[in-house]
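Could you build all of it, start to finish, from the sequences and the hints given here?
2 protein chains.
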Amino acid sequence: MINKLVEKIKKTEAPIVVGLDPMLGYIPEQITEAAYKEYGANPDGAAEAVWRYNKGIVDAVCDLIPAVKPQIAMYEQFGIPGLVTFKKTVDYCKEKGLIVIGDIKRGDIGSTSAAYAAGHIGGVDIGGNYFRGFDEDFITVNPYFGTDGIKPFADVCKEEKRGMFILVKTSNPSSGEFQDRLIEGKPLYEHVASKVAEWGKDVMGEDYSYIGAVVGATYPEMGKVIREIMPKAYILVPGYGAQGGKGKDLVHFFNKDGLGAIVNSSRGIIAAYKQDKYSEFGPEGYADAARQAVVDMKDDLKQAVVK
Amino acid sequence: MINKLVEKIKKTEAPIVVGLDPMLGYIPEQITEAAYKEYGANPDGAAEAVWRYNKGIVDAVCDLIPAVKPQIAMYEQFGIPGLVTFKKTVDYCKEKGLIVIGDIKRGDIGSTSAAYAAGHIGGVDIGGNYFRGFDEDFITVNPYFGTDGIKPFADVCKEEKRGMFILVKTSNPSSGEFQDRLIEGKPLYEHVASKVAEWGKDVMGEDYSYIGAVVGATYPEMGKVIREIMPKAYILVPGYGAQGGKGKDLVHFFNKDGLGAIVNSSRGIIAAYKQDKYSEFGPEGYADAARQAVVDMKDDLKQAVVK
Numbered sequence: 002m003i004n005k006l007v008e009k010i011k012k013t014e015a016p017i018v019v020g021l022d023p024m025l026g027y028i029p030e031q032i033t034e035a036a037y038k039e040y041g042a043n044p045d046g047a048a049e050a051v052w053r054y055n056k057g058i059v060d061a062v063c064d065l066i067p068a069v070k071p072q073i074a075m076y077e078q079f080g081i082p083g084l085v086t087f088k089k090t091v092d093y094c095k096e097k098g099l100i101v102i103g104d105i106k107r108g109d110i111g112s113t114s115a116a117y118a119a120g121h122i123g124g125v126d127i128g129g130n131y132f133r134g135f136d137e138d139f140i141t142v143n144p145y146f147g148t149d150g151i152k153p154f155a156d157v158c159k160e161e162k163r164g165m166f167i168l169v170k171t172s173n174p175s176s177g178e179f180q181d182r183l184i185e186g187k188p189l190y191e192h193v194a195s196k197v198a199e200w201g202k203d204v205m206g207e208d209y210s211y212i213g214a215v216v217g218a219t220y221p222e223m224g225k226v227i228r229e230i231m232p233k234a235y236i237l238v239p240g241y242g243a244q245g246g247k248g249k250d251l252v253h254f255f256n257k258d259g260l261g262a263i264v265n266s267s268r269g270i271i272a273a274y275k276q277d278k279y280s281e282f283g284p285e286g287y288a289d290a291a292r293q294a295v296v297d298m299k300d301d302l303k304q305a306v307v308k
Numbered sequence: 002m003i004n005k006l007v008e009k010i011k012k013t014e015a016p017i018v019v020g021l022d023p024m025l026g027y028i029p030e031q032i033t034e035a036a037y038k039e040y041g042a043n044p045d046g047a048a049e050a051v052w053r054y055n056k057g058i059v060d061a062v063c064d065l066i067p068a069v070k071p072q073i074a075m076y077e078q079f080g081i082p083g084l085v086t087f088k089k090t091v092d093y094c095k096e097k098g099l100i101v102i103g104d105i106k107r108g109d110i111g112s113t114s115a116a117y118a119a120g121h122i123g124g125v126d127i128g129g130n131y132f133r134g135f136d137e138d139f140i141t142v143n144p145y146f147g148t149d150g151i152k153p154f155a156d157v158c159k160e161e162k163r164g165m166f167i168l169v170k171t172s173n174p175s176s177g178e179f180q181d182r183l184i185e186g187k188p189l190y191e192h193v194a195s196k197v198a199e200w201g202k203d204v205m206g207e208d209y210s211y212i213g214a215v216v217g218a219t220y221p222e223m224g225k226v227i228r229e230i231m232p233k234a235y236i237l238v239p240g241y242g243a244q245g246g247k248g249k250d251l252v253h254f255f256n257k258d259g260l261g262a263i264v265n266s267s268r269g270i271i272a273a274y275k276q277d278k279y280s281e282f283g284p285e286g287y288a289d290a291a292r293q294a295v296v297d298m299k300d301d302l303k304q305a306v307v308k
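Protein sequence lines correspond, in order, to chains A and B.
Counted the way the working numbering counts, the first sequence spans residues 2 to 308.
Counted the way the working numbering counts, the second sequence spans residues 2 to 308.
Just so you know, the hints here were simulated from the structure itself, not pulled from any lab data.
Backbone N, C-alpha and C fix where the C-beta goes; we use that ideal spot for every residue, glycine too.
Please note that the accuracy of each hint is not assured.
Chain A stretches covered by chain B per the calculated footprint, using a threshold of three residues with CB under 8 angstroms from any CB of chain B [unchecked claim]:
| id | stretch |
| --- | --- |
| 1 | 7-19 |
| 2 | 30-43 |
| 3 | 100-109 |
| 4 | 112-121 |
| 5 | 147-153 |
This is the structure we're talking about:
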């Protein structure tokens, strides 16, 4: 799957992942009103509104980008109906040829990580048959448990040729509270990055490993160091746009081959119509605004990718 | 909710939480066969088998214990039908008067943590009405993001009088890989424990905070230090029984009031009938075996609680 991701990034010339993180407040009123009218102003109605909103965006941008990243929390907040929409979104995006990164940030002791891996990138054996749960192509994983919390995910990645991005340096303001603390002269995130490189060796695709890392766009200098520590790990970069990161800041996240990083934007694309810059599109044109925002982002990222 | 937890621990004299972490392999054949016959050998059938198995255990032990802890990964592995069973289990346990700790180990940047908090211990506003998603009483949370990943959970805890247990020192063998690394002379888990104490001050119940911590039974000496760092935080203790922890090792997890810790056992109780010790119960008597295992655990833990 990492080979397919690289190939699609080359083909689209867009190291971009669109974050499908739909807050109710982002969804144009005409969509929520119609969904509430049909299903009620309740979790079923909200989940339906999210689904229609997502579909509009995916249809508008799917030829421009290699991948999407639905944030499961935004679906989980509506309980079961929300997760039904999450699954529908995963399936629809795959139908449209997009690679799906499930932003689930799971992680636990070994036996529990194995269950999460089965549910998201693998499958379960029930009475001799194999069934897949949420069936994403990649997921995000939390490293706090160390190697034996990661290994079950790595095993499934290897078996299924799917992938994961392990949190190394997150994009939020307080990420340094623990991640930047010095251990033997190096910040914790560097130690995690070294482990990502080590874990990834055993699960290599052609040029990159099935095991990548999450490093926030908001910390470009740290991205530079982390890039060097794990040259074969793809970096999933959140924090671009709404969280403050800009294209030119991201030059060090990429390798000299122009690859090695894929940059996420969520709000900046899916709610682009709410920005002054795209206000001409209006709520009716939210999907076209998203498309324009992807085009602009692609342009902005050219400053980062030195070929 | 922390006050209710303390009260129920006092009343049952059992600082015990039963981990409802049903692996298919634990479930007696008579249950899986009946469920597969009715629903098919598929995720619906598996989820139904898990539900029947859980119900049997809950009915057998609910008068003895204060709380249960369903591990959401074990449900998530079956996709949507599994999560429907998770929700049904949460609701049923609450009906039976049990406190429910959703073992979800979520954690993310602020806006995403807010969505997880809404989905599990809070609710969402949809068209002016308030809806709850999974509706647990407590959840477990991962600290890797630092304060701004924790605050949205803490805010909901305060508003809803619910609670959370933050991972400090996990029970798995490789937990030390990052958690034990020294930062300014102290292991990372002590720094996290200090933060738990700090975060918890603002969300106090009567004697204990709504914000507790997870500390593995497998690391009793570390438990002692952590107990001192955060005297007002309840400790949720996994790793007892099947993972190797014993009652007498847990004395330092408790405060002098005989309170301050609640010990989880999953496999050791829900699959007790598979142990030699309880083999007389047989698969048909799995729920009675679970009850006996709770009685024995209660007895074993008396060695830990000095009154």
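Legend entry - Structure versus earlier hints, numbers of those that do not hold, lowest first: Of the numbered hints, just 1 does not hold.
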